[in-house]
Amino acid sequence: MKGPDAVPGNYRQVIARHFAANPPRYKLLNALISPPGMWNSPLGASWSAPIACARLTVETGNSPSTYTVGFRFRNGQIIEAFDPEYNNPAAGGLFTAMLKNSVTCGPLTYRPYPELKQTLRTKR
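Be aware that the sequence shown starts at 1, since it is given in the numbering used here, and climbs by one per residue.
Treat each hint with caution, since some may be false.
What follows is a list of derived Cβ distance ranges for each label pair [to be verified]: (1) N75 to P23: 19 to 27 Å; (2) K2 to A81: 21 to 29 Å; (3) S63 to G3: 38 to 46 Å; (4) G3 to N62: 40 to 48 Å; (5) Y26 to E115: 16 to 24 Å; (6) G9 to G106: 21 to 29 Å; (7) S48 to T122: 31 to 39 Å; (8) I78 to P107: 17 to 25 Å; (9) A20 to T109: 19 to 27 Å; (10) K27 to P4: 33 to 41 Å.
Rather than coming from a laboratory, the hints here were simulated on the basis of the structure.
Backbone N, C-alpha and C define an ideal beta-carbon position, used for all residues, glycine too.
Work the whole structure out from these sequences, hints included.
Quick look at the structure:
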């Protein structure tokens, strides 16, 4: 997709800079990133947005924990970082979280993201 909301060609670096400015609270063990994908609205609504997602595994003290962060862009910059698995009881709870993940980051494929570890290492 082209236009102001397209995922920029340097999205891997843009997302790495985002995490450098907002680092994980725990030690990063592994990082994966998706190629650009689409957030397609569920249930027949006609809305979609280009996205890219990162999946991080961190050491939380007791055991590793993996979470995903989705990103939307405008004019080459991040305009939204979202948790596709966020469970808000007031907005439908677990069902809504599962539905949102299934139309955003869930179906995307992921590849190694070594730039993130390097960016975080350089920042510290």
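Here is how each hint holds up against the structure:
1. N75 to P23: 19 to 27 Å: Given about 25 Å between the Cβ atoms, the range holds.
2. K2 to A81: 21 to 29 Å: Holds - the Cβ-Cβ distance for K2 and A81, about 22 Å, lies within 21 to 29 Å.
3. S63 to G3: 38 to 46 Å: For S63 and G3 the Cβ distance comes to about 42 Å; the hint holds.
4. G3 to N62: 40 to 48 Å: This hint holds: roughly 44 Å between Cβ atoms.
5. Y26 to E115: 16 to 24 Å: holds, 19 Å
6. G9 to G106: 21 to 29 Å: holds, 24 Å
7. S48 to T122: 31 to 39 Å: holds, 35 Å
8. I78 to P107: 17 to 25 Å: For I78 and P107 the Cβ distance comes to about 21 Å; the hint holds.
9. A20 to T109: 19 to 27 Å: holds, 24 Å
10. K27 to P4: 33 to 41 Å: holds, 36 Å
In summary, this structure violates none of the numbered hints.
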